Amino acid sequence: MFTAPASRPPVSPKETTLPQKSIILLLTPALLVVVTLFGGGLVIGFFQALGYQPGIEEQSLSLQHFITTLTDPDFTTSLGLTLYIALTSTLISAIASILLAVAINHWAANNKIIHFILQIPLAAPHLVIGISMILLIAPSGFIARLCSFLFAVDVQNTFPILVNDKWSVGILLVYIWKEIPFITFMLLTVLKNMGNELLEAGASLGATKLQRFFSITFPIIRLSLGASCCIVFAFTFGAFEIPYLLGQTYPQTLPVWAYMNFSDIDLKARPEGVALGIIIAVIVISTVLLSEYLTRTPNRNR
Amino acid sequence: MIFLQQIGTSLLSFLVSVVISVGGAFAADSLSWQQIEAQAHGKTVDWYMWGGSPAVNTYVNEYLRTELRERYGIILRQVPVQDIAEVVSKLAVEKQAAKVEGGSVDLMWINGENFRTCKKLDLLSGPLTNILPNSRNLDSDSLALLSDFGTPVENMEVPWGNSQLVMIYDSARTPAPPRTISSLLTWIQNNPGRFTYPAPPDFTGSAFVRQIFYHEAGSVKQWQGNYSKEDLKNAADKTFATLVRLKEALWREGRTYPESPVRMDTLFADKQVDFSFSYQQGSASQNIDDGIFQPTVRTYVFEEGTVSNTHYVAIPFNAKDKYAAMVVANFLLSFEAQLEKAKKDVWGDFPVISLVKADPAWKNQFSSLPKGPATLSDEELQAHQLPEPPAEVLIYLEKGWQKQVLKNR
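Chains as they are written, first to last, in my numbering: chain A, 97 to 398; chain B, 7 to 415.
To be clear, the hints were calculated from the coordinates, so they are not data collected in a lab.
Model, not experiment: these values are computed from the prediction.
By construction, the Cβ of each residue, glycine as well, lies at the ideal position given by its N, Cα and C atoms.
What you were told as hints is all true, and nothing was included just to trick you.
Restricting the straight-line Cα-Cα distance to at most 35 Å, the calculated cross-link-like pairs of lysine-lysine (DSBU-like) are: (1) A:Lys-364 / B:Lys-253; (2) B:Lys-405 / A:Lys-262; (3) A:Lys-364 / B:Lys-125; (4) A:Lys-364 / B:Lys-409; (5) A:Lys-262 / B:Lys-413; (6) B:Lys-377 / B:Lys-363; (7) A:Lys-262 / B:Lys-409; (8) B:Lys-126 / B:Lys-326.
A few chain B residues that don't get close to chain A, going by computed Cβ distances all over 10 Å: (9) Trp-39; (10) Gln-40; (11) Ala-104; (12) Leu-152; (13) Ser-153; (14) Glu-222; (15) Asn-240; (16) Thr-248; (17) Gln-371; (18) Lys-377.
Produce the complete structure using the sequences and hints provided.
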């Protein structure tokens, strides 16, 4: 079996202490901002979810809003829908990205045009893509009209429903289109640094293409793949605008539900919205920690 | 205006604990209007208002500013805010701190929930409207001016403009649209898949549900006064039952709804549905101008009327230049200022003054304004206005809709 070489060169402890200190120093400003704004927001949010609302009577802190939310019959449906969207889009994007990255690395490593095309989705905001998707694939959208024009039949009533649909096809399409370039770029950076020597060595030792992929390429891209999938999952799990625009009115994903509660004209719904937000944050953070643990452990044991 | 109710229900929370002291009544009854105008000369009026609309800002900063300087020597200063609720909560704090004069806000643009809060906490100067000479231009019998989302106005705020729900249809596609709610309901059943409405709590979708609610309740006035919890529950249950029966006949069999009126407009323009509706009387004409709607698109109001709401200006209890603010509020109600505001290329806001009562010369000027082909005449609209119910009814309907109609529980 071929294994990837340990990527870290051996360093003496003396050399690492100084840079580590300065790294911490360099990170401080960014960390301060993140901790104050993000951490502070979470803490205030947590108190609001416990029922703290300045000015409103009956100030008692309790877990009631969490309990109400978690026991709502909609919670499991919403959680299921959100997980379905986040996992499906992450999985499909990951598989497509691996194939794409390997292909580009093999045939077009320095092709500027392909890189440029890949960069377009990265620059476009999700909201814009969401609206474009409606214009494109709705029953009255561009594709349906093109079909009507080409085949001279009215397809408006027979065209499959792909937006605001039961299977969230529209949402998945937006995420997949948007996240493939992101993961691909993350993988390409690693693949480029890997060079061809290992693969050539593998080939000369008689490994098949598949063997080379699973024993050389995959172990090398694995960390980077795990990290980028994690980011994509966390984003698609917590994002609001695409499911809001392209989802069904009901059931809603967790973020849409949270927003609806938070912006409710009835102030009493607000703590429940915040509680949902905290639940979303907890799920996302634990997923990130779990996948960190899963992807790092085998490396340390080596 | 729609945004005025949508924004800032949040501040109520800050205010509940505030104890009410003396109201800011006017000493104005002792002064004649000429004396008030004389007092106002050379003063600066700080007008706090939502500043998100370029058209409104231009009307205020160009037309009103110039006119007020030339006519009354008043310097008008617009203070744009994101949400007038912020100003209301600031006033509440000042009230609590007993800052009874020299406040920084002279005039504010307000309605709905924010007005209710102001009135409840006694944050306004007044009664005000009845002192203004131009209040004679208003129709004092109009139900739509008596209460602001269920809160009796009682002259504590001065009407400034108006918006109203109108139905939108394409006269080429639907030559004879159903002109009453009950005939609309029949039409929907007979034409499955050709009608939809934005899902409440979207403001426009919620207004449509209120329209059905008025129809099912059989009364409009009842909700402005004292109604019992049972009355509300009975009428609301009938409304939800009707809407549930309607579901199968809606676009996509009611499995999903457009999330906004903009999306409903798109469906209408794409011929997916045959109706749209809007809480802005002029929006269909605007959409024709923009090439989104066919030129054959028209609007109409139901024979029994459609919900409408008025937006107002009010003077805080501790305003520094009360008299000048009164002169401004009075000028806003003049035929000149209302006419300029109604021009499509200025703002296109609908006049709040009564054109039925107006003298023929002014009436002509208003009716000869280029309105756009789909916009109804002011008289037609004004004759079909229904007041909005109190926020309590609105919330009850939105919650119940989600539970009973959307989730079918």
